[in-house]
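Turn these sequences into a full structure, and let the hints guide you.
Going down the list, the sequences are from chains A and B.
In terms of our numbering, the first sequence has 194 at position 22, counting the first letter as 1, and numbering is strictly consecutive.
In terms of our numbering, the second sequence has 10 at position 1, counting the first letter as 1, and numbering is strictly consecutive.
Hints may be right or wrong, so weigh each one.
Within a straight-line C-alpha distance of at most 20 Å, the following computed DMTMM-like cross-link-like pairs (lysine to aspartate or glutamate) qualify [stated by the list, open to error]:
1. B:67 to A:273
2. B:58 to A:268
3. B:78 to A:273
4. B:58 to A:230
5. A:179 to A:198
What the simulated footprint calls covered on chain B by chain A, stretch by stretch (three residues with Cβ under 8 Å from a Cβ of chain A suffice, anywhere in the stretch; the number is not a length) [what the hints assert, rightly or not]:
6. 38-49
7. 54-63
8. 109-120
To give a feel for the contact side, a few chain A residues facing chain B, derived at Cβ under 10 Å [unchecked claim]:
9. 179
10. 186
11. 194
12. 209
13. 265
Honestly, the hints are just simulated from the structure, not real lab data.
We put the CB at the ideal spot given by N, CA and C, even for glycine.
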Amino acid sequence: SAVISQKPSRDICQRGTSLTIQCQVDSQVTMMFWYRQQPGQSLTLIATANQGSEATYESGFVIDKFPISRPNLTFSTLTVSNMSPEDSSIYLCSVDSGRRDTQYFGPGTRLTVL
Amino acid sequence: AQSVAQPEDQVNVAEGNPLTVKCTYSVSGNPYLFWYVQYPNRGLQFLLKYITGDNLVKGSYGFEAEFNKSQTSFHLKKPSALVSDSALYFCAVRDSGNDMRFGAGTRLTVKP
Numbered sequence: 173s174a175v176i177s178q179k180p181s182r183d184i185c186q187r188g189t190s191l192t193i194q195c196q197v198d199s200q201v202t203m204m205f206w207y208r209q210q211p212g213q214s215l216t217l218i219a220t221a222n223q224g225s226e227a228t229y230e231s232g233f234v235i236d237k238f239p240i241s242r243p244n245l246t247f248s249t250l251t252v253s254n255m256s257p258e259d260s261s262i263y264l265c266s267v268d269s270g271r272r273d274t275q276y277f278g279p280g281t282r283l284t285v286l
Numbered sequence: 010a011q012s013v014a015q016p017e018d019q020v021n022v023a024e025g026n027p028l029t030v031k032c033t034y035s036v037s038g039n040p041y042l043f044w045y046v047q048y049p050n051r052g053l054q055f056l057l058k059y060i061t062g063d064n065l066v067k068g069s070y071g072f073e074a075e076f077n078k079s080q081t082s083f084h085l086k087k088p089s090a091l092v093s094d095s096a097l098y099f100c101a102v103r104d105s106g107n108d109m110r111f112g113a114g115t116r117l118t119v120k121p
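This is the structure:
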């Protein structure tokens, strides 16, 4: 399985500011995913990021609010822009296994917006 | 589109007793089914998966799950629960090549 790290692990931010979350994988992967887990809720897919192409966003999520970069096969960033308290969540990075059947998850970034 | 349901928000069992966490699914093709566990302040850890083959799948930490095509279920089981098994459990389904969809989660509490 892949080893995935995320930075920061947690942050407390002010309303109206932006935060960029980094995701680093210890091996090259084709597909990376970004999920949001709101307090007491399940995971919701924000977008899928393939290297060399624009991210594909799920319904309800837009690039202006959640811009994503995927500069190479081991790294991705998710930015939460113009934050509001409703953005307080855990943000999780995930990658596909080489056979594209199992997904592995990073430890998450716990974001609190005041 | 694929979907998954976990009918129980909470499951409570006594240590040493068997546990079951329920999951049902809906997919248009052959299902890829997964169980993940989330401990407090941690990410999701992969427990086990069913892709094809034997309906009884064995995974990490002594957990197993049984794929039942006729009932479209994939219940998670463990013969003897430990207090350390207390966590949030997520069932997930994936149509081949598509995104993974998660259930709402079931909080398992194992009491000494």
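Evaluation of the provided hints:
Between residue 67 (chain B) and residue 273 (chain A) the CA atoms are separated by roughly 17 Å; this keeps the pair inside 20 Å, and the hint holds. For the hint linking residue 58 (chain B) to residue 268 (chain A), the alpha-carbon distance of about 14 Å falls within 20 Å, and the restraint holds. Distance hint between residue 78 (chain B) and residue 273 (chain A) is fulfilled; the C-alpha atoms sit about 19 Å from each other, no more than 20 Å. Between residue 58 (chain B) and residue 230 (chain A) the CA atoms are separated by roughly 24 Å; this puts the pair beyond 20 Å, and the hint is violated.
Using a Cα cut-off of 20 Å, the hinted pair residue 179 (chain A) and residue 198 (chain A) holds, with the two alpha carbons roughly 14 Å apart. Here the segment 38-49 of chain B counts 3 residues with a CB under 8 Å from a CB of chain A, which clears the bar of 3, and the coverage holds. Coverage of a stretch by a chain is defined here by at least three residues with a beta carbon nearer than 8 Å to that chain's beta carbons; for the segment 54-63 of chain B and chain A the count is 4, and the condition holds. Counting residues of the segment 109-120 of chain B whose beta carbon lies closer than 8 Å to any beta carbon of chain A gives 6, which meets the minimum of three for the stated coverage.
Hint on residue 179 (chain A) is violated. Least Cβ distance to chain B is approximately 13 Å, over the 10 Å limit. A least Cβ separation of about 23 Å between residue 186 (chain A) and chain B goes past the 10 Å threshold, and the interface hint is therefore violated. Against a cut-off of 10 Å between C-beta atoms, the interface hint on residue 194 (chain A) is violated, since the closest Cβ of chain B lies about 15 Å away. The interface hint given for residue 209 (chain A) is met, as the beta carbon of that residue sits about 9 Å from the closest beta carbon of chain B, less than 10 Å.
Nearest Cβ of chain B to the Cβ of residue 265 (chain A): about 9 Å, under the 10 Å cut. The hint holds.
Hints 4, 9, 10, 11 from the earlier list are contradicted by this structure; the remaining hints agree with it.
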